[in-house]
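Based on the hints, put chain E in the right spot on chain G.
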Amino acid sequence: MANEFDSFAKKLIAATQELGKSSNMQKIGEAAKDIIKKRTRLGYGVEATGEERVSLKPLSNDYKEYRKELGKTKKAKMKASQLKAGESVKLSKKDKKRASSESNIRLSDATSPTKSNLTLTGQMLDSLTARASEGSVSIKASGSRNDGKTNEDVAGYAEDGGRRFLDLAKGDLNQLRVLLSNIVDDILKKLK
Amino acid sequence: MSVKAKNVQAWVSIPKAYTPEEREAIALEILNFIRERSAEGVSIRGSSFPKYSKEYMKSLDFKNAGKGRTPNLQLSGDMLAAIKILKSERGRIKIGYDTGDSEAGRAEGNQIGSYGQSSGDQSKARPFIGISPKHLKKILEAFPIDDDETRRNSTENARAADYASTDVVDELFGGDDGE
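So the protein lines, in turn, are chains G and E. Counting with numbering that gives the first Met the number 0, you get residues 0 to 191 for the letters of the first sequence. Counting with numbering that gives the first Met the number 0, you get residues 0 to 178 for the letters of the second sequence.
For the record, the hints were derived by calculation from the structure and aren't laboratory data. You may find that some hints are simply not true.
Stated by the list, open to error - Only some residues are given here: those of chain G computed to face chain E with a beta carbon under 7 Å:
(1) Phe7
(2) Lys10
(3) Ala14
(4) Arg38
(5) Arg40
(6) Ala47
(7) Ser111
(8) Ser115
(9) Val136
(10) Leu172
(11) Leu187
(12) Leu190
Said to hold, decoys possible - In silico negatives: residues of chain G with every beta carbon more than 10 Å from chain E:
(13) Pro57
(14) Ser80
(15) Leu119
Yeah, the Cβ is synthetic: ideal placement off N, Cα and C, and Gly gets one too.
One chain only, chain E, in its complex shape:
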């Protein structure tokens, strides 16, 4: 079954005034927010994710992953860690998964509630790729258009955190997936 781009990718609109570096920093903050919100069991719409089935909660994998009762989209943790910036254009950013990414199928399963089946089921879906206008506004407050110093500082911090973590992981463990 091939993954549909519309199910695993989302555009986020932001003011056109932002530079490419600022867009990158904003996108990184959005990705962090998505990971944190999902880990708390909250969907893109602000509602709680549908509960786990009793059968799944009794499974060995559930136990070995150290999962609790709150659905947090983390069995191995790979799927949420893999969400990334796909594209950045003036006034908008695309986030999510490449359709060929090894985590894309799992992400699609959660987004539409298909979980390996041929069709989705909205009652089981746990949509997480995207951000509400309210939360986007909150993130953008750290990147004020009319305050160069604050915006520059926020941009540098977000990008430095991303670059430094990649550098250190690559140096320590030799991880380089060519991206």
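In isolation and in its complexed conformation, chain G is listed as follows:
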């Protein structure tokens, strides 16, 4: 019986040590980052690690209107470039005005004017990066944007404004456990 326990304990220790190596930590970090990004794009945040995910706070009506206008500008600019390429499309007066707008902010295809998913241009969620070292993983937004802000600042505004998303929800943790369990399974087969 003692031998059986020893054998199980040895496997458990070996698997845990192998998982702790930085290459595996990086895999875990990347997976966690992808899970956070997908959950947020689907419109869910999380108040604290291990809690159930919650729908992100709805957008204000004014902000929805602003996003609608951005969507129209994007369509107008697309139409204008099609027209330039010789395609037969109609541009209304309003569309012409929108098409000539110098704004470089475009509503991302990963959202809609009314969807609350921390996506306007998509830059902040796309900038999420995972950094791993032995024994730790951190996930954060990084880099600059085309509007003069930093992605870290934009993530901070979202969190401070009541749309917390950077922790891992209960479902996120379950997904990570399943993924890691498969990695450990492979490790144990190799250790055999």
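Leaving out everything else, chain E in the frame of chain G:
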């Protein structure tokens, strides 16, 4: 709408000779098999899941989840990750979801084809909780009653994978849902 246990839970019969640890390991393998089979778009009966509606395929959520044409029961991925061992008794294991689990409603919707409606529709159902005798037999081949060494090795591997993954996730991210 409350979730009915019979819609989200299933008993799987196995030989009575297995110990509690072996039953746990077998159950973990069954859960992995269910996740893999579902991800490939195959139901418990071995048939393909009913296709997605065109409307759903055009939705923003569908796109943001990076879904393909094959129904795989994964939008966020939470539902399949949440399926678990509910009970283990001599000769049988119960798997599925507690009726109060946050994923139970979604699981029931797929099992009976209700998807938030008050009644089910078998033509739309994507049953996934359970395993066919053929596939169970295949899993049990790794746990032979007459080969102690192989059975012990399979049991240790399955349990070590489960324990180590839980330990590491808890240590890294502080996840502890009290289960």
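Hint-by-hint comparison with the structure:
1. Interface restraint check for phenylalanine 7(G): the shortest CB-CB distance to chain E comes to about 5 Å, inside 7 Å, so the restraint holds.
2. Checking lysine 10(G) against chain E by beta carbon gives a least distance of about 4 Å; that is within 7 Å, so the hint holds.
3. The closest approach between the C-beta of alanine 14(G) and any C-beta of chain E is roughly 4 Å, which is under the 7 Å cut-off, so the hint is satisfied.
4. For arginine 38(G), the interface hint holds, since its Cβ comes within 7 Å of a Cβ in chain E; the closest pair sits about 6 Å apart.
5. With 7 Å as the threshold, the beta carbon of arginine 40(G) comes within range of chain E, its nearest partner Cβ sitting at about 4 Å, so the hint holds.
6. Among the interface hints, the one on alanine 47(G) is violated; its C-beta lies about 9 Å from the nearest C-beta in chain E, farther than the 7 Å criterion.
7. Below 7 Å, beta-carbon pairs count as interface contacts, and serine 111(G) has one with chain E at about 6 Å; its hint therefore holds.
8. At about 12 Å, the closest approach between the beta carbon of serine 115(G) and any beta carbon in chain E exceeds 7 Å, and the interface hint on this residue is violated.
9. At its closest, the beta carbon of valine 136(G) sits 5 Å from a beta carbon of chain E; the interface hint therefore holds under the 7 Å criterion.
10. Taking 7 Å as the C-beta contact cut-off toward chain E, the hint placing leucine 172(G) at the interface holds, the least distance being around 4 Å.
11. Of the supplied interface hints, the one on leucine 187(G) holds, with its beta-carbon coming within about 5 Å of a beta-carbon of chain E, less than 7 Å.
12. Hint status for leucine 190(G): violated, given a least beta-carbon distance of 9 Å to chain E, over 7 Å.
13. For proline 57(G), the shortest C-beta to C-beta distance to chain E comes to about 15 Å, beyond the 10 Å cut-off, and the non-interface label holds.
14. Here serine 80(G) stays apart from chain E, with its beta-carbon at least about 23 Å from theirs, past the 10 Å limit.
15. Under the 10 Å C-beta cut-off, the non-interface status given to leucine 119(G) relative to chain E holds; the minimum distance is some 14 Å.
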